[in-house]
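Based on these hints, arrange chain B on the given structure of chain A.
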Amino acid sequence: MDSSIDVRASVAAALSAARPEDVIAGVKTAVADELGRLDPAVKIKFTDYFNHSFIPDMLIEWSDLGRRRERRVYLRSSIGATVANEDVESLAPLDPVMVGLTVGDQPDYLETARSQVQQAPQSLLTDVTAVAGIARQVQDDGAGNRAPLLELVRSSLLKGGRGLLTSVEAERLSTGNSEETPTATSLDAFDETADALFSGETATRLHRAADLLRGGFDQPPAATDEDGEEASTRVTGVLSDVELRVLLPYLLSRHDVTHDRAYWSAWGDLVSLDRLEASWDVLEGLDLSPLIKANAERWLAARSQTVLNSSVIDDDSAQPDTRWVMRGKVIGAEVGAWRILLASDARKLRGRDGGSPGRWDELEPHLRRFALTGVQLSGLSRSVHVHAERASDVFNDVRSIRANIQDDFHVPSATVRRLIDDSDDVAVEVDFMAMTASGRNATIASLVTAAGLLGYRQPISVDAVQELLS
Amino acid sequence: MRAEGVQEKGRKGVFQVKRWLESTTHMEFPFDAYGFTATCTPALLNGEHKTYDLFGSHLTRRVPLYVEVKDYASASGLSDEYWEFLANSYSVSANINVQGLGPANHEFIWVTTHPFDQTNWTKLTSRERLYAAVSSKHPEVLGTHGIDESLVTNVAQRIWLLVVNSRQAELTLSAEELAKVHGVLGRKAD
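If you read the sequences in order, they're chains A and B.
Residue numbers 1 to 470, in the working numbering, belong to the letters of the first sequence in order.
Residue numbers 471 to 660, in the working numbering, belong to the letters of the second sequence in order.
Hints in this document: simulated from the structure, not taken from any laboratory.
Positions of the beta carbon are idealized from the N, C-alpha and C atoms, including for glycine.
Among the hints, erroneous ones may be present.
Below are the SDA-like pairs computed for lysine to any residue, each with C-alpha atoms no more than 20 Å apart in a straight line [unchecked claim]:
#, chain 1, residue 1, chain 2, residue 2
1, A, Lys329, A, Trp299
2, B, Lys482, B, Arg637
3, B, Lys658, A, Ala25
4, B, Lys658, A, Lys329
5, B, Lys650, A, Glu70
Beta-carbon label-pair distances, calculated as ranges [as the list claims (entries may be wrong)]:
#, chain 1, residue 1, chain 2, residue 2, range
6, B, Ala659, A, Asp256, 56 to 62 Å
7, A, Ser311, B, Lys658, 55 to 61 Å
8, B, Asn567, A, Leu59, 51 to 57 Å
9, A, Arg19, B, Lys658, 16 to 22 Å
10, B, Ala639, A, Ala12, 29 to 35 Å
11, B, Lys650, A, Ser253, 44 to 50 Å
12, B, Gly653, A, Ala41, 57 to 63 Å
13, B, Arg597, A, Ser63, 57 to 63 Å
14, A, Ser63, B, Pro585, 53 to 59 Å
15, A, Arg19, B, Lys650, 30 to 36 Å
16, B, Ala659, A, Ser311, 37 to 43 Å
Where chain B lies over chain A, by a calculated footprint (3+ residues, C-beta under 8 Å) [stated by the list, open to error]:
#, region
17, 52-64
18, 89-103
With the rest of the complex left out, here is chain A (with noise of 0.2 Å):
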């Protein structure tokens, strides 16, 4: 059915009811509905109130970079009663969305509320039929591979869109943006839209977002955006929750989209390894190797797990998945026999329960490709801890206590530095007992290096370790 009639017939149903009270529900309900289905990561409030001249109708919250924001949506017969109760002027200092239930206004009224709003710069104008239009739009693309910028326009509309926008405008933002594939014409189209359609601060993240497609696709950037800005210089700071949410998972799954190492290493400067985590619900099951390997030298993480993988040891023509990818709000990768975990935050690795230490005489050799700045040997007769206050590396002083004491030492964990990380800051504490090996200013390189020590029994060679970082 045409989405607009749809939206129509629904608030129709509520306006016709006989109750006041009935009129108020069914035309929240109905509207609010639309707004979920164009958005669905704002959360909607309703107000007491109805069609008040000050009061809204309904909050929209949603949180972005861990900030809760919310805007107001005040409800009108139509855009023409903007028009006649001065709303788009008096409502103009609180940043609204009005939005208008039925449609049919005059074309002088559309023409006045157009020049209203263009002096309400905050201010967004525009009515459930064409807000039922983009949203529906999207929702017909099926398959699930949306067109970007129309995910974006849909996602960024309630929160910062602005200016009038009817179906005429609804439809135009559909068409326009729809393709799967963005081509450098529809890129620059949309930047004008962004210009147009969006408030500051949004339209330059939507901005960024098309110069991140850009490069996706290996188009030149824009020369230089409305304010003369390079475009080279736009692609900086840090990306909102709508831009990650739409571009990363698009651009993940999309097997045209370059594989650059510089492109990759760029988003490394837009966001970060718990964002990723926070935003697992679009990530999973996605190959993250191009973001995680581009950025393993200089994001950091807080643990990596090792864990056995059981469908290669139960199989053994199966082949590990060497790509990252998320599984269960986890980012893991497997190699060998084994499945590497990372996490931003050491609680969401709790590592395992009632393992057994590793054996000195078996991990000295693996030992060997780390400095080693701290260990705990325990044996039969003699328990030693080894500390370097200062020196980088305790590895030949346990040899020597090794070659001295005659004893099984078993290491519950150690204290490992990659040889080209010069810092002790950088240290990682490896628990051979939990299987996990964690650092307070560790890259991720550096964790997933010293979670390869943890494998011991069924090495990881140094070349697999590698393949997965770089």
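Structure of chain B alone, referenced to chain A:
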């Protein structure tokens, strides 16, 4: 009786009154005749209907309010229309009682931009004036029913007569200011 036509003319005046009354924080008018005609159109005793410009409620007393707005530049015709307004106020209330549609506690607000009938100004909302409106000026609103004397007394107490100047808007709180205070005032709190 002809229902008030839902004309574009006067729409701005109605909305100015809506904003003014709502800015007092005591009243709300979710329904206007332009977008919600049916809700603003109660039945009269004689089976006809009357469309008011606004329908809403008093927030603390929680009584329904009908508003008729006269955005006029002169007093011409206002006196006659006011007689009709009074008669309709009674007829709407009586019909609610007759039909058993709940308590007939509705209040009726006449808002005009121009004073009228000034020699009788203090008597315009009196019981006598209302009785005269129903019995002499517009008996057709009764249909086949007689006059309920006690209801006349009740309805007369629920008539408002307000005069508003367009500059009144300059004396009201802005949307920003009202956004700050309305939650504190808690007019709708239980």
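Hints versus structure:
{"no.": "1", "hint": "Lys329/A - Trp299/A", "result": "holds, 18 Å"}
{"no.": "2", "hint": "Lys482/B - Arg637/B", "result": "holds, 14 Å"}
{"no.": "3", "hint": "Lys658/B - Ala25/A", "result": "holds, 17 Å"}
{"no.": "4", "hint": "Lys658/B - Lys329/A", "result": "violated, 44 Å"}
{"no.": "5", "hint": "Lys650/B - Glu70/A", "result": "holds, 15 Å"}
{"no.": "6", "hint": "Ala659/B - Asp256/A: 56 to 62 Å", "result": "holds, 58 Å"}
{"no.": "7", "hint": "Ser311/A - Lys658/B: 55 to 61 Å", "result": "holds, 59 Å"}
{"no.": "8", "hint": "Asn567/B - Leu59/A: 51 to 57 Å", "result": "violated, 40 Å"}
{"no.": "9", "hint": "Arg19/A - Lys658/B: 16 to 22 Å", "result": "holds, 18 Å"}
{"no.": "10", "hint": "Ala639/B - Ala12/A: 29 to 35 Å", "result": "holds, 33 Å"}
{"no.": "11", "hint": "Lys650/B - Ser253/A: 44 to 50 Å", "result": "holds, 46 Å"}
{"no.": "12", "hint": "Gly653/B - Ala41/A: 57 to 63 Å", "result": "violated, 26 Å"}
{"no.": "13", "hint": "Arg597/B - Ser63/A: 57 to 63 Å", "result": "holds, 59 Å"}
{"no.": "14", "hint": "Ser63/A - Pro585/B: 53 to 59 Å", "result": "holds, 55 Å"}
{"no.": "15", "hint": "Arg19/A - Lys650/B: 30 to 36 Å", "result": "holds, 32 Å"}
{"no.": "16", "hint": "Ala659/B - Ser311/A: 37 to 43 Å", "result": "violated, 60 Å"}
{"no.": "17", "hint": "52-64", "result": "holds (count 4)"}
{"no.": "18", "hint": "89-103", "result": "holds (count 6)"}
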